[in-house]
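Note that the protein sequences, when read in sequence, are chains X and B. Residue numbers are given in my numbering: position 213 of the first sequence equals residue 213, and the series is strictly consecutive. Residue numbers are given in my numbering: position 149 of the second sequence equals residue 149, and the series is strictly consecutive.
Hints in this document: simulated from the structure, not taken from any laboratory. Any given hint might turn out to be false.
[To be verified] Once the Cα atoms are required to be at most 30 Å apart in a straight line, the calculated DSS-like pairs of lysine-lysine come out as:
1. X:K163 - B:K85
2. X:K167 - X:K144
3. B:K188 - B:K40
4. B:K188 - X:K144
5. X:K182 - B:K188
6. B:K146 - X:K167
7. B:K188 - B:K258
8. X:K163 - B:K146
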Amino acid sequence: MKRWLTSPALRPIWLLVTLVLLWDLSIRVFRIQPYLVPTPASVIGQLVQEWPTLWRETLPTLYATLGGFALSALIGVPIAMWIAYSRLVESFVYPLLVFSQSVPKVAIAPLFVVWFGFGVFPKIIDAFLLGFFPVIVATVQGFKSIEPDVVDLARSMGARPFKIFLKFRLPQAMPAIFSGLKVSVTLAVVGAVVGEFVGSNSGLGYVLQKANGTFDLPLMFAGLVILSLMGVVLFLVVEMVERWLMPWHASQRHDLQAATA
Amino acid sequence: MNKAVEQGTALAAQQGAVLIEGRGVHKTYRTLDGEVQTLKALDFQIRAGEFVAVVGPSGCGKSTLMKMVAGLLPISGGELELSSKPVRGPQTDVGIVFQSALLLPWRRVIDNILLQAEIRGLPLAAARDRAMALIQMAGLAGFEQKYPWQLSGGMQQRVAILRALLHDPSVLLMDEPFGALDAMTREKMNVELQRIWMTSQKTVLLITHSIPEAIFLADRVFVMSERPGRIVEVVNIDLPRPRSLDVMGSEVFAGYAKRLRAHFFAAGSLDA
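The following block holds chain X by itself, in its conformation from the complex (with noise of 0.2 Å):
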């Protein structure tokens, strides 16, 4: 029993807890009003009666997200391994890349709204925006990881180059590329609710303009959770992909230790 309350699954939950309690600790102690910052039980309460609303407002966002985070990996591997294989398109591309980093998403994303109006497509491009970033530096950054040596003992083996690419880089690059996959996917999220609030009647973001606008703090905070929420089991999702796939990593190794053990 004592075993299982310490566990380390559950340590962030007991963490989340002890900031709630003190959350609704110093609303009491410091008489916060209730316009300014709503008590934990009120919000969950919104988040019970509002439940139904909420979860078919989380459903366009949740797509946008995945669209976007989708689009990332889509787009943003393939144009890292043509970064890291020349540098050429290196010098051509990258620069422009990082520049792209700069423009403010938020300032943009109205014009989406203009030129592919109100639907779930400008909010794909926004999580796209924002989430292929990390994919590409991540991935350009484990194709250039591997050793010149181990190229050269792949020709020694007479490897051509697709070879070389599928049984080393590849292989070499995915730690890599799954950490980029993992910030990206909850940036997407960011992304897909920036392209709610600018123009939208559906999702989570607009809900959350909504509830701003008739000082529904609760529902507000509600929104917030979700949104949150969505962020962590997408993340836990990608992260189990990569487990599945790389039992094998560094990261994962006391996992595998404990199971030969």
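With chain X fixed as given, assemble chain B onto it according to the hints.
Chain B alone, transformed into the frame defined by chain X:
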């Protein structure tokens, strides 16, 4: 010691056909500062079944020489032949062992060895049997399913050697294979390598920093000068086989060591 064995080995090495031959092989790198000559014209012959060690100071072009024999680096001029055919592009009848084991972390020991067969498209069932036999020989039985990080440095390097032997190449090229190991493991590996060489009858070209290692293992030692490297002396090591580590304490051994070391002290370099 056993005179018959001594003469037998020396004879075999002398009688073997020339397998690797260099005539005026040299190497020049192009850098931003212009051309840098790494290797002066080298002339050498390595016979089939012979164990040759190359010693020389850091940066003298030892590794460059090995990579050229493997066909991984083009030569700048001269002629270089392996099995009477000019070396052009990566050679497939060689096995290479690098300074670090370079085992793929996502593959288990057995799969790291089988990689050689996989890339070459050799029949996998037969390769697996051979891999298992090699694992037995190297004393790695029971470790087939381990990942590289679960092995000690010496064991990793043994796996790398087995990978280089899997396709039964006639030449084994080793670039400071034990440089990263501690002194005691290194000596054990030297004995191990001698055993593998004596049973497999491969031609070995061993690049090393260690003078004792070169004397202990080689039939002949090529001594290279500082950059631009050239072969300044070829020393025949006339010690009976199999050599035990005790031979390192003998006077003959000390004599060879003194003779080899003289080259580097004379050149003002202590790192060999």
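*asked:* Checking one constraint from the list: CA of K146 (chain B) to CA of K167 (chain X), max 30 Å. Satisfied?
replied: 19 Å, holds
_Hinted pair, alpha-carbon criterion (30 Å max): K188 (chain B), K258 (chain B). Please report holds or violated._
Given that 30 Å is the threshold and the Cα spacing comes to 23 Å, the pair holds.
*For the pair we were handed, K188 (chain B) and K40 (chain B), check the Cα-Cα distance against 30 Å.*
35 Å, violated
*K182 (chain X) and K188 (chain B): Cα distance at most 30 Å?*
Given that 30 Å is the threshold and the Cα spacing comes to 45 Å, the pair is violated.
_Pairwise hint evaluation, K146 (chain B) against K163 (chain X), where the allowed Cα distance is 30 Å at most_ = Status holds; Cα separation ~24 Å.
*Is it true that the CA of K188 (chain B) sits at most 30 Å from the CA of K144 (chain X)?*
Violated, because 35 Å separates the two Cα atoms, which is more than 30 Å.
_Just to be careful, I want the Cα atoms of K167 (chain X) and K144 (chain X) compared with a cutoff of 30 Å; is the pair within it?_
15 Å, holds
*30 Å Cα cutoff - pair K163 (chain X), K85 (chain B)*: The given pair, whose Cα atoms are some 26 Å apart, holds under the 30 Å limit.
Of the numbered hints given earlier, the model fails hints 3, 4 and 5; all others are met.
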